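Novice: Residue numbers (full-length UniProt numbering), protein chains in the order written: chain A, 1 to 599; chain B, 1 to 577.
Hints are not guaranteed to be accurate.
[Stated by the list, open to error] Derived contacts from chain B toward chain A, CB cut-off under 10 angstroms, selection only: (1) I39; (2) A66; (3) F67; (4) L104; (5) N192; (6) M202; (7) T238; (8) M249; (9) L255; (10) L262; (11) G266; (12) E402; (13) L417; (14) T421; (15) L454; (16) P455.
[Stated by the list, open to error] A short list of chain B residues far from chain A (calculated; beta carbon distances all over 12 angstroms): (17) I4; (18) A331; (19) D500.
Hint data in this document are derived by calculation from the structure and do not stem from the laboratory.
Fair warning: this is a prediction, and the values are worked out from it, not measured in the lab.
In this text, a Cβ means the ideal position worked out from N, Cα and C, and glycines have one as well.
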Amino acid sequence: MSRTPKSHPHSRIGQKPPKINDLKATLKKVWKYVDRQRNLFILVMVMVLISSALSLVGPYVLGVTVDRVIEKVETTTLIQLFVGLAAIYIFQMVTLILQNYWMIGISQHTVYTMRNHLFAHLQKLSLSYFQKQQHGELMSRLTNDMENVSRTLNSSIIQFTTSILTLVGTIGMMVWLSPVLTLLTLTIVPILIVGMKWITKRTSVYFKDQQKHLGDLNGYIEESLSGHAIIKLFSREKETIVQFNEKNEQLKTAGYWAQTYTGFIPKLMNMLNNVSFAIIVGAGGYLAVQGSISVGVIVTFTTYSRQFTRPLNDLANQFNMILSAVAGAERVFQVMDEEPEKTEKKEDRLQAVKGDVRFESVSFAYETNQATLKGITLHANPGETVALVGPTGAGKTTIISLLLRFYDPDSGRVLIDGKDTKQVKRESLREQMAVVLQDSFLFEKSIRENIRYGRLGATDEEVEQAARDANAHSFIRKLPDGYDTVLQSSGSSISQGQRQLLSIARAMIKDPAILVLDEATSSIDTLTEMKINDALKKLMKGRTSFVIAHRLHTIYQADQIIVLQNGSIIERGNHDELVAQNGFYRGLVDVQFGQQAVD
Amino acid sequence: MRIILSYIKVYKGSAVIALLLMLLELVVELLQPLIMGIIIDRGVLRQDLSAVAGWGGLLLGLSLLAFIAGITNSFFAANVSQGVARDVREAMFKRIQYFIPAQLQKFSLSTLLTRMTSDVTQLQSLLFMAMRIMLRAPLFILFGLVMAIIVEPSLATVLLLAVPLLLGCMVIVMVKGVKRFRSVQTNLDQVNHRLRENLFNMRLVKAYDRGEFEQKQFEEANGPLQVANTKALRLMETTMPMIMFGMNMSLIAILWVGSYQLNGGGTQPGEVVSVLNYGMRIMFSFGVFSFLIMLFSRGRASISRIVSILEEYEGNDRNQDGSSYQSGAVAFNHVSFNYPTRSAYPALEDISFTVPRGKMLGILGETGSGKTTLAQLIPRLYQPVRGTISFGGIDSQDIRVEDLREKIGVVPQEAHLFSGTIRENLLWGNKEATMEDLIQSTKDAGIYEFIKELPDGFETTIGQKGVNFSGGQKQRICIARALMKRPDILVLDDSTSALDAKTESDILNKLTDLPYTVFIIAQKISSVKEADQLLLLHEGKMQGVGNHKELLASNEFYQTLYQSQQKKGEVHYVENS
Chain A
1 MSRTPKSHPH SRIGQKPPKI NDLKATLKKV WKYVDRQRNL FILVMVMVLI SSALSLVGPY
61 VLGVTVDRVI EKVETTTLIQ LFVGLAAIYI FQMVTLILQN YWMIGISQHT VYTMRNHLFA
121 HLQKLSLSYF QKQQHGELMS RLTNDMENVS RTLNSSIIQF TTSILTLVGT IGMMVWLSPV
181 LTLLTLTIVP ILIVGMKWIT KRTSVYFKDQ QKHLGDLNGY IEESLSGHAI IKLFSREKET
241 IVQFNEKNEQ LKTAGYWAQT YTGFIPKLMN MLNNVSFAII VGAGGYLAVQ GSISVGVIVT
301 FTTYSRQFTR PLNDLANQFN MILSAVAGAE RVFQVMDEEP EKTEKKEDRL QAVKGDVRFE
361 SVSFAYETNQ ATLKGITLHA NPGETVALVG PTGAGKTTII SLLLRFYDPD SGRVLIDGKD
421 TKQVKRESLR EQMAVVLQDS FLFEKSIREN IRYGRLGATD EEVEQAARDA NAHSFIRKLP
481 DGYDTVLQSS GSSISQGQRQ LLSIARAMIK DPAILVLDEA TSSIDTLTEM KINDALKKLM
541 KGRTSFVIAH RLHTIYQADQ IIVLQNGSII ERGNHDELVA QNGFYRGLVD VQFGQQAVD
Chain B
1 MRIILSYIKV YKGSAVIALL LMLLELVVEL LQPLIMGIII DRGVLRQDLS AVAGWGGLLL
61 GLSLLAFIAG ITNSFFAANV SQGVARDVRE AMFKRIQYFI PAQLQKFSLS TLLTRMTSDV
121 TQLQSLLFMA MRIMLRAPLF ILFGLVMAII VEPSLATVLL LAVPLLLGCM VIVMVKGVKR
181 FRSVQTNLDQ VNHRLRENLF NMRLVKAYDR GEFEQKQFEE ANGPLQVANT KALRLMETTM
241 PMIMFGMNMS LIAILWVGSY QLNGGGTQPG EVVSVLNYGM RIMFSFGVFS FLIMLFSRGR
301 ASISRIVSIL EEYEGNDRNQ DGSSYQSGAV AFNHVSFNYP TRSAYPALED ISFTVPRGKM
361 LGILGETGSG KTTLAQLIPR LYQPVRGTIS FGGIDSQDIR VEDLREKIGV VPQEAHLFSG
421 TIRENLLWGN KEATMEDLIQ STKDAGIYEF IKELPDGFET TIGQKGVNFS GGQKQRICIA
481 RALMKRPDIL VLDDSTSALD AKTESDILNK LTDLPYTVFI IAQKISSVKE ADQLLLLHEG
541 KMQGVGNHKE LLASNEFYQT LYQSQQKKGE VHYVENS
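Can you build the whole structure from these sequences, using the hints too?
Specialist: Below is the structure:
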């Protein structure tokens, strides 16, 4: 007879689809992925064509059979009809199964490939991209939007095609069977269109409202959950709940109207179905009395009218789903269209370096209008420690970012062993360096895997050795699962200080020529601090080290101190020299470390 | 589940009306094939036009009736579902507000957020559906069969045999499919988890050039997702055509039986058509039925996630009927504590000390020694597992928690500010504060000069999580916020770490002048040297208590600590963002 509706009209309780900037371009891009399996896709389409045709022929033959049954024709004729009908149903089933089976394969493979490409592309994007993007927003693109694409690809392509084919075919068959009855059946279409317009005009407003309030509520929940302890400490629970209730109420009101109006749609469809049924049976009965059509035609028409209103309904439904999926796909492709980090055409691999680092009048700006670094020139001999000192925003982090080639300088050069880093493959450059960042980023994996992140091929013994060197071994051993303890992103499985120890161990195991260290300002206690200083000393020995220094200890030991202010180097030298200069550095040290530091 | 029912009960009236309206629609639909048969038998075959017109008119009228019922249903159903959703959200939020920190940690922030938003939305559409179609499809199948029997029992036998069989098969497959989709969800979570972690750690990933490694790991998670998804979808999508085929074959059987009956004269043609039509409509209901199973399974998962929050114990946080707070000495008596998640590892063991009113206690110890835990016990964010903490001689457990916290100003390690203006954030400490209060507190916290220089002063907006301020500035605003309370007790949990030595000592000096009982956790002896007492912690155990001089003279642990900080490489901190 016909296929089952895959998505019921009610399933679309979602919002009105968002705006799409370039439908054609996005569809083209999606198509490129689907096109990788073109042959299979063509087969699917052939199956769709056959099954749609069969869904038209089925009711017709059924109607004919009803007529013959009523006419009480010979049994052999009936048997022929029954066999014919059965054959149609069998073919219909087979074609349906095949098209679904193959299409699922295609769509899932498509999504799999897209996900992989997307992820791969993310790895190539410049760091500045991630700084510009809101985390939650990006995540939502990568997860929700991607899921949306996946779901729609599974069913919508087939359903959309089937709907259109069935719609056209059904109208054709109906006209052929009885133009008058067709005309009468079609009278519901204008009602449908007017009704849908009336409804969607209202829903779109309320859905927009609902989205806005939902976003509001979301933000509020997020903030009040992350500040949970503070709310408690200030006994602000009641106020927080009251404010929440206000937002919650607004959401409910918008949601109520959105849902009520959306609820009209299936009822309208249903009513039109029923009306057309009444028309067909009533008017068809009238025509049958007059002898211009048979009872079988009425039976056929009742099926066709369902097959005709359902695709209309489905199309409306599918259309929304497809639009929102396309909008999702567009957002995904926007990420993919982001320019990856620039690479020069001819980049060499950097072989094992000695660690001679040179900045030659390097200037750089994150935003085009405001220079972050202005004409920085500095030189570190292999094995030297360079401490970067200066107030917040002076450009310390930027220097490190340029060294790691997170960014390329706008002018000037960064040279390692005399080679311009711009001419060197990023991965070979970073192969020579290890970093310990202020935020000790760790993964939700075992401690072992986290340390091994520094050198993927490291053995368990090497991991433990690195942990020992970083003075992390003793605390790790005390954990219930030792090195296999899986770290939690939040929560207190290990302390901040311990996390830092792990990130130091991770750098240890890499054994690089150049070390980049963004010293943590706090959260490691004095005793651990000593152990770390000792470990870092070991680590820095024989390596060129760039340190954003927050501790006097580090500054004392540095071979050079670079004092930065507003993106320029204003003083340089070792501690004693700089103190003797009695300039900015001297002032800084006096203020920040007290008089005793200079004595 | 029962909890959710209690929320629905509030809207009992609307729910009943919605269900009745739905039943009305159902009746209309059930009558349609019957009337169709009548039109054929009494009208078409007897050439009676007035019968056709009369019954046709009735059909039309019934359609309109059903429509009106449906539209009205929308209002009532939406009222129930949106109302319940709002109430559930409110209840969840309230419950979470009164969570103790351990409970909050059990669920992560992001799961709580999804539970309160998408899971509730899921529940809401499930409810909406329940009052519109959920009962309708099964009822239609049931009553469709009944009607078919009424019309012509011999023909209905076919349906009576086929429908339960096919429906049974379908339900079995669906249930299996639902299970498969659940494993798809697990796979999807894995993929999303990889993604999130990668985004978060992008700086590190880049610095270690682990793009390819990450890619490989991602593909390792992505592959199983594809396989699981394909499998689950294929199961579902290939079963339905088979079920449809079964139904179609039973239509042929109806005609087959019908042809014999007609020849025997026991059945009217209209009755055959009518039963046939019931069969077709039942088949359409199958599709809806399968959709319902999906919806329900998704809804059930959401509901159980919601319920698990609503059923969380209330903690002992809402102790409303304790005595009020009495200022006086703060005493720890043999306090032990362990985090619920790590019960085998005591975070604090047998801690005892007393801080007289207005005195200062410095707490020193290694990372992980239990300092922050101790600080959290004071305002009763956690409660001791053994031992007691008392304020002015009253056991902390007996004091109304709000009262207690009103008297305790805490500046946590992590400087957390809320979106809003600086002033709004400060008012957290005291709603009725005047401008003078604001100025005084910010001056004491050493941040007034900074705020004054801002173009908008106290009205400067703080971005989410205070992104537009440096760590040191945020810390000082947090200190000011705590001072706004004019608390009896002040707890500073390493909250001057991002400050330079001079600012730090200025602030600490100010605090010493104020009449507060002060607990100060610090990394440097120099920060707390002047404290009346020092408490030394090591791996959750007390290593000694006393003032600087005493400890230096007699405490080995302290001596080591002191010496380590007296070397030339004394640890100092430069202010940093």
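Novice: Checking against the hints above, which ones are violated?
Specialist: Violated: hints 11, 14, 15, 16 and 19.
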